[in-house]
Amino acid sequence: MTDTLCGYANRDETIVGFLYDELDADQRRDFNAHLLTCTVCRDEVAGLRAVRTQLARWEPPALTSLRSPVPGASRPGWWQTVPAWAQVAAALLFLGVSAGIANLDVRYDQNGLSVTTGWNKAQPASPKLGTLQTSEGGPRLVTSPSDGGTKLVTDPSAAAAWRADLAALERQLRTELRAVQASSPAAQAVRAASSSDAETLRRVRVLLDESEKRQQRELALRIAEVVRDVDTQRKADLRNIDHTLGLVRNDLGVEVMKQRQSLNLLYRASQRQ
Amino acid sequence: MTWTDEELVAKSIRGDADSFNELVLRWERPIYALAYRTIGREEDARDVCQETFLRAFRALPGFRGQAKFSSWLYRIALNLCRDWIRRERRTPVVQPPEDVDLLELAAAAEPSESIEDLVARQDLSRLVERAMALLPEEQRTAIVLKEYHGLTFQEIADLVGCPLSTVKTRLYQGLTVLRRELAKNPRTKGTML
Numbered sequence: 001m002t003d004t005l006c007g008y009a010n011r012d013e014t015i016v017g018f019l020y021d022e023l024d025a026d027q028r029r030d031f032n033a034h035l036l037t038c039t040v041c042r043d044e045v046a047g048l049r050a051v052r053t054q055l056a057r058w059e060p061p062a063l064t065s066l067r068s069p070v071p072g073a074s075r076p077g078w079w080q081t082v083p084a085w086a087q088v089a090a091a092l093l094f095l096g097v098s099a100g101i102a103n104l105d106v107r108y109d110q111n112g113l114s115v116t117t118g119w120n121k122a123q124p125a126s127p128k129l130g131t132l133q134t135s136e137g138g139p140r141l142v143t144s145p146s147d148g149g150t151k152l153v154t155d156p157s158a159a160a161a162w163r164a165d166l167a168a169l170e171r172q173l174r175t176e177l178r179a180v181q182a183s184s185p186a187a188q189a190v191r192a193a194s195s196s197d198a199e200t201l202r203r204v205r206v207l208l209d210e211s212e213k214r215q216q217r218e219l220a221l222r223i224a225e226v227v228r229d230v231d232t233q234r235k236a237d238l239r240n241i242d243h244t245l246g247l248v249r250n251d252l253g254v255e256v257m258k259q260r261q262s263l264n265l266l267y268r269a270s271q272r273q
Numbered sequence: 001m002t003w004t005d006e007e008l009v010a011k012s013i014r015g016d017a018d019s020f021n022e023l024v025l026r027w028e029r030p031i032y033a034l035a036y037r038t039i040g041r042e043e044d045a046r047d048v049c050q051e052t053f054l055r056a057f058r059a060l061p062g063f064r065g066q067a068k069f070s071s072w073l074y075r076i077a078l079n080l081c082r083d084w085i086r087r088e089r090r091t092p093v094v095q096p097p098e099d100v101d102l103l104e105l106a107a108a109a110e111p112s113e114s115i116e117d118l119v120a121r122q123d124l125s126r127l128v129e130r131a132m133a134l135l136p137e138e139q140r141t142a143i144v145l146k147e148y149h150g151l152t153f154q155e156i157a158d159l160v161g162c163p164l165s166t167v168k169t170r171l172y173q174g175l176t177v178l179r180r181e182l183a184k185n186p187r188t189k190g191t192m193l
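Taken in sequence, the protein lines are chains A and B. Residue 2 in our numbering is what sits at position 2 of the first sequence, and the numbering runs on without skipping anything. Residue 159 in our numbering is what sits at position 159 of the second sequence, and the numbering runs on without skipping anything.
Keep in mind the hints are simulated off the structure, nothing from the lab. Note that the structure is a prediction, hence the values are computed from the model and not measured. Keep in mind that the hints are not guaranteed to be accurate.
Ranges of calculated distance between the beta carbons of each label pair, as one might list FRET restraints [said to hold, decoys possible]:
#1 D197(A) with T152(B): 53 to 63 Å
#2 R49(A) with W3(B): 21 to 31 Å
#3 N79(B) with L95(A): 52 to 62 Å
#4 E138(B) with R205(A): 51 to 61 Å
Ideal placement from N, C-alpha and C gives every residue a C-beta, glycine not left out.
Assemble the whole structure, with the sequences as input and the hints as a guide.
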């Protein structure tokens, strides 16, 4: 700016450097000495400091965190937020649906144990191509060339032996099941479900509390805003009324003055007569 | 452990996306504030902020560390702000929301702050905002970088690509205009000398 009465060298730049503390020691000392004698610069420095104080009041709106712009950054998988019981249920559902789609058919009749998959129902026939014999007289996996299904077929003559084996296997499985029942996934799922429910309830309560507090704050602020608006309007109305009254008073005053002048004229005229 | 920007940049270049996200978390607020104070529109400032980090991520392999990461980010953000101003072909207009964002205000309020103080503070903030919107872009940018981001005169000169003396002149002129504008308003007049 050139409309000042001070001729200090590089004045504008020096003032800015002084304000932001970016003068070197010599420059600062010189300018400090100058300020003692120059009221123009002193006032300007004080004024610009006041501007800086006001600038500190400018606050941008709050920013909600950006979503990660980087693809591939690790985030907790959605399944990690699903309760354990729901994961177990989903797994069971998946198995059920899979079995349905594969049309899994398990039979145990006079022909022995038979497990079949595939949609085209094949006639019970002796295995042809694709037979896989697992052991002599034991069950065989048979892939049917006509429908693509897979069958597990047992020989009737060996059925009795297989029944005994199956009974033994069943007993063993039951024993093992009982042993692991305490720590079975189902039991864990139930425990997880109960703890998960408690956690969910707790979260819901916290959310409700926060929501309530927010609403209360909002209401208080809205009321404050309304009060402020009403107050502003009231002040504006009062100003208008004052202004109008002032105009009326002026008009009255002018009128009274005219009346007085007329009376004076009349009085002087009557005195002359 | 707290990593420095440079360490996070090096890890990001090696393919660690989490490190870059850490940089985003660290710098999103300053970059958003810079964008908002430069262009004055909340939504656009958020877009500029997002775009800044996207561009930075894409250009990261080419970042040689010749400047501080923050300076590099500021440069990208400022260029985007300039593009925005040119594209819009208008002076940035600060658009305070129609209504006071009360929830935001409440969240930002000091516990001891009364509602009246809160509203007064917001009003003053808007006054400054409007006064800043009157400045030419170069002066506003210089003031924003100096006042709110604490850059040195030399850093600003390097960022915006102009001589050091020009930065000082822009600051002086901008502050002088602000002083005049703020002195016009009854609420700030008393504080202006």
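Going through the hints against the structure:
{"no.": "1", "hint": "D197(A) with T152(B): 53 to 63 Å", "in the structure": "holds, 57 Å"}
{"no.": "2", "hint": "R49(A) with W3(B): 21 to 31 Å", "in the structure": "violated, 38 Å"}
{"no.": "3", "hint": "N79(B) with L95(A): 52 to 62 Å", "in the structure": "holds, 56 Å"}
{"no.": "4", "hint": "E138(B) with R205(A): 51 to 61 Å", "in the structure": "holds, 54 Å"}
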